[in-house]
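J.: Listed in order, the protein sequences are those of chains A and B.
Positions 21 to 328 (the working numbering) are the ones given, in order, by the first sequence.
Positions 109 to 648 (the working numbering) are the ones given, in order, by the second sequence.
Incorrect hints may appear among the rest.
Stated by the list, open to error - Computed cross-link-like contacts, DSBU-like style, restricted to lysine-lysine with a CA-CA straight-line distance of at most 35 angstroms: (1) A:Lys283 with B:Lys306; (2) B:Lys306 with A:Lys48; (3) B:Lys271 with A:Lys60.
I should point out that these hints are in silico values taken from the structure, not numbers from a laboratory.
Quantities reported herein were computed from a predicted structural model and do not represent experimental measurements.
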Amino acid sequence: MVKYLAKRIFYIILTLFIVATVTFFLMKIMPGTPFANQQKLPPAQQAQLAAQYGLNKPVWEQYLLYLVGLLHGNFGVSYQFSNQPVSYLIGSRIWVSIQLGAEAMVVGVLLGLIIGAIGAIRAGSWVDTSATIVSILGVSIPSFVLAVLLQVYIGLDTRILPIAGWGGFEYTILPMLALAAQPLAETARFMRTEMVDVLNSDYIELAKAKGLSKYGVIYHHALRNSLIPIVTIVGPLAVNIMTGSMVVENIFSIPGIGDQFVKSIMTNDYPTIMGLTIVYCLMLCVVLLITDILYGIIDPRIRITDSK
Amino acid sequence: MKWNSFAKLGGVAAFAALVLAGCGSSNSFNGGSSKTLNWSISTELPTMDISKSTDLYSGQTINATGEGLLRYTGNSKVGPGVATSYKVSNGGKTWTFNLRKSQWSNGTPVTANDFVYSWQRTVTPKTASQYAYIFANIQNAAQISAGKMAPSKLGVKASGNNKLVVNLVKPQSYFKYMVAMSTFFPMNKAQVTKEGSKYGTNDASLLSNGPYVLKNWNSTKDSWYLSKNPKYWNAKNVKLSKINFTVIKDPSTALNSYNGNKIDYTTLNGVQVKQYKNKPGFENHAEASTFYMVMNQKKDPIFKSADARKAISLAIDKHHLVNTVLADGSLFPKGFVASQMITKNGTDFADAASVPEAVSYNMKQAKALWAKAEKATGQKSFNFNYVADDTTTSKNISQYVQNQLEQLPGVKVNNQNLPFANRLNRQTKGQFDITVAGWIADYPDPSDFLDLMTSKNSYNYGHWSNAQYDALVKKSESTDANNEAARWSDMVQAEKVLMKDQGVVPLYQQSLATLTRSNVKGVLFIPTSPEIDWTSAYMK
Chain A
21 MVKYLAKRIF YIILTLFIVA TVTFFLMKIM PGTPFANQQK LPPAQQAQLA AQYGLNKPVW
81 EQYLLYLVGL LHGNFGVSYQ FSNQPVSYLI GSRIWVSIQL GAEAMVVGVL LGLIIGAIGA
141 IRAGSWVDTS ATIVSILGVS IPSFVLAVLL QVYIGLDTRI LPIAGWGGFE YTILPMLALA
201 AQPLAETARF MRTEMVDVLN SDYIELAKAK GLSKYGVIYH HALRNSLIPI VTIVGPLAVN
261 IMTGSMVVEN IFSIPGIGDQ FVKSIMTNDY PTIMGLTIVY CLMLCVVLLI TDILYGIIDP
321 RIRITDSK
Chain B
109 MKWNSFAKLG GVAAFAALVL AGCGSSNSFN GGSSKTLNWS ISTELPTMDI SKSTDLYSGQ
169 TINATGEGLL RYTGNSKVGP GVATSYKVSN GGKTWTFNLR KSQWSNGTPV TANDFVYSWQ
229 RTVTPKTASQ YAYIFANIQN AAQISAGKMA PSKLGVKASG NNKLVVNLVK PQSYFKYMVA
289 MSTFFPMNKA QVTKEGSKYG TNDASLLSNG PYVLKNWNST KDSWYLSKNP KYWNAKNVKL
349 SKINFTVIKD PSTALNSYNG NKIDYTTLNG VQVKQYKNKP GFENHAEAST FYMVMNQKKD
409 PIFKSADARK AISLAIDKHH LVNTVLADGS LFPKGFVASQ MITKNGTDFA DAASVPEAVS
469 YNMKQAKALW AKAEKATGQK SFNFNYVADD TTTSKNISQY VQNQLEQLPG VKVNNQNLPF
529 ANRLNRQTKG QFDITVAGWI ADYPDPSDFL DLMTSKNSYN YGHWSNAQYD ALVKKSESTD
589 ANNEAARWSD MVQAEKVLMK DQGVVPLYQQ SLATLTRSNV KGVLFIPTSP EIDWTSAYMK
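The task is simple: from the sequences and hints, build the whole structure.
T.: This is how it looks when you write it as structure tokens:
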């Protein structure tokens with residue numbers, strides 16, 4: 021297990037390095053300057069500013085300087101927010117995004133499992149049909165449409181929950197629901213299909229034949245085995261939430277990093293683009309690592325210690 | 109692991125989510141009390157460092173927390189600020205400002221040296237200010253920002269604590285507007301030095317000499333407030349005790365928040381303008397900003413012909429463009445210089461210099477003129493790359509323009525809608541046949557626009573050149589610089605020459621459409637930055 025983890029962490033570092041390198045060079049190909057006032061800056065002044073920030077150096081030299089900074093844990097200073105270190109910029113916003121994402125993931129997956137399981141147990145009934153409809157809607161309505169609908173009909177019309185902003189728990193409910201819809205729907209769909217399969221399998225017949233109660237069979241045998249494929253989609257779902265949050269954070273005026281990412285690209289804010297790319301990449305790698313570890317825990321046939 | 113463990117795991121996760129939820133920062137959307145103004149703003153404030161600020165919103169906030177020598181008091185009007193009076197001498201090249209006794213928010217006096225320090229700091233190359241160029245007409249500024257001279261040589265001197273003497277390179281009658289811009293506000297040296305690289309990144313690093321002080325702010329925050337500055341010299345006329353700000357980036361969220369009584373003010377986008385233009389609280393403010401088409405004479409010889417340029421203009425119905433295609437409150441373009449920006453004796457510059465045929469629509473005449481120009485070049489077919497921004501507004505305009513121009517004989521138009529940085533890059537490199545450029549004036553003087561179209565100006569993307577125009581602009585800046593009437597007349601003539609020769613094709617003038625609650629009074633709108641001033645705002 022330790023060996024496996026060490027190997028995986030090495031790969032994560034390698035991935036981060038490659039992603040950072042590719043992003044750095046792609047970013048330098050983008051036209052324009054990081055200077056917000058570039059339209060009005062006389063060419064001489066632009067050159068002066070570029071020299072001040074070291075942007076007139078060859079790209080490979082800038083890249084090496086960036087890497088050296090990175091190794092010292094220095095993400096650089098934002099151009100857009102002058103004098104603001106990128107690490108502070110990300111640090112002060114990332115927990116908001118993580119909190120929202122985690123809430124959406126937990127609520128979405130748990131509800132999805134329950135809805136999917138009920139649908140499978142009562143396959144063909146009206147409960148199953150409604151569960152299917154819910155999951156089809158959840159998959160097909162984009163999070164930003166749902167976000168706007170929730171905002172208008174629940175936030176503005178009923179005034180039960182805040183329209184937008186970030187404060188206590190009540191502020192997280194609407195954006196969380198908007199983000200949770202997709203994982204909920206995906207999980208419910210997978211869960212239902214898997215569970216219907218499992219419920220028809222021989223060992224369930226055997227368990228029933230042994231005289232176990234219906235719920236005993238479902239609880240002890242069917243649920244656990246149905247979970248295995250669900251774990252495979254948790255990774256992609258987490259990615260979905262990360263990308264979805266860029267828009268949803270914007271709609272609900274949430275001070276997270278999603279919106280920051282888009283803005284940094286639009287303004288050529290090089291250090292911020294790099295910092296956020298690395299952070300997103302790291303989050304993704306960690307989610308995938310956790311998924312792989314979960315696999316082993318849920319399915320004894322996949323032993324992490326076996327994979328060398 | 110048994111299923112039980114899974115249930116526990118889920119429970120722990122759900123609990124964790126709830127605990128995390130409790131950790132969120134508070135203080136978003138303070139409810140609507142009648143004494144406090146609740147304002148919405150579409151982006152964070154990137155900086156409050158006077159030398160570094162480039163965007164409208166930090167400029168607005170600096171204008172609320174600081175004060176320059178003079179202060180904007182309305183359309184093209186400035187009134188006393190830190191300076192009670194000023195005198196222009198030496199043929200318009202020396203400006204002497206008499207400063208009142210006033211204080212920073214920590215009680216130390218605001219002196220002439222605070223201005224000297226601030227201006228020197230901004231032009232110093234190491235500061236890397238993106239607005240240093242605006243000081244170019246102050247003696248030695250250009251050499252200093254090029255790193256060839258010491259900042260202390262800048263043509264601004266303190267004579268005692270309450271007198272500031274500025275020496276200009278050439279007379280500049282609109283210097284009075286410039287000293288009202290936030291870039292020219294004073295800075296307290298002791299404070300800036302003490303805070304170092306933290307200066308301007310949070311409210312504690314700042315000192316105010318204006319109507320309000322900034323509270324609960326750092327540059328990543330999405331809510332903060334302005335509170336009345338008791339040390340402001342004119343504090344007795346500041347009626348609001350507090351203005352709350354909330355960042356709302358999405359226009360429909362902002363509108364929902366307004367309708368939900370969470371905020372007292374919001375800006376409107378195109379679709380919203382259509383719904384709200386007849387509702388109470390709607391206002392449409394002209395901005396000192398013109399969007400115009402430029403034709404590349406270097407790439408396409410046909411555009412050297414005035415007939416061809418006129419044909420392009422006549423083929424586009426600007427009324428239709430503004431009222432139907434855009435329909436977002438944008439205004440019909442009276443000419444190149446924005447309207448409602450500056451008046452003289454009650455006459456708007458744009459009206460004084462109006463050349464109606466340069467902005468009118470007549471497709472029949474356009475076709476005839478184009479055919480004539482085409483004949484002169486001998487070329488039969490034209491394939492034009494039309495370069496514009498990739499915003500929805502800009503794409504709609506592109507489609508309309510393409511549709512109109514393709515009605516001219518032999519013309520095919522290829523739309524290229526690009527991100528801003530890309531579009532600008534193409535323009536400066538001359539990689540376009542026709543393009544749309546936008547200009548927002550820094551100060552309300554026609555020269556801010558007119559300079560752009562002089563032959564050697566780097567913003568003259570299409571390389572239109574007219575000796576008479578160049579001479580008039582030059583005259584307005586030299587021989588007539590100190591003669592207000594003659595200067596005005598030069599500029600009016602110059603604009604007329606530009607329009608008659610169709611050096612550019614004005615498309616529309618940008619505006620700011622807003623919704624404000626009826627009990628909010630006294631908010632001042634200015635067509636140039638900072639656009640909004642809350643000094644005299646009050647709530648009924």
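J.: State for each hint whether it applies.
T.: A quick look at each hint next to the structure:
As the CA atoms of A:Lys283 and B:Lys306 are separated by approximately 23 angstroms, the hinted pair is consistent with the 35 angstroms bound. With a C-alpha separation of about 28 angstroms, the suggested pairing of B:Lys306 with A:Lys48 holds against the 35 angstroms cut-off. This hinted pair checks out: B:Lys271 and A:Lys60 have alpha carbons roughly 32 angstroms apart, not beyond 35 angstroms.
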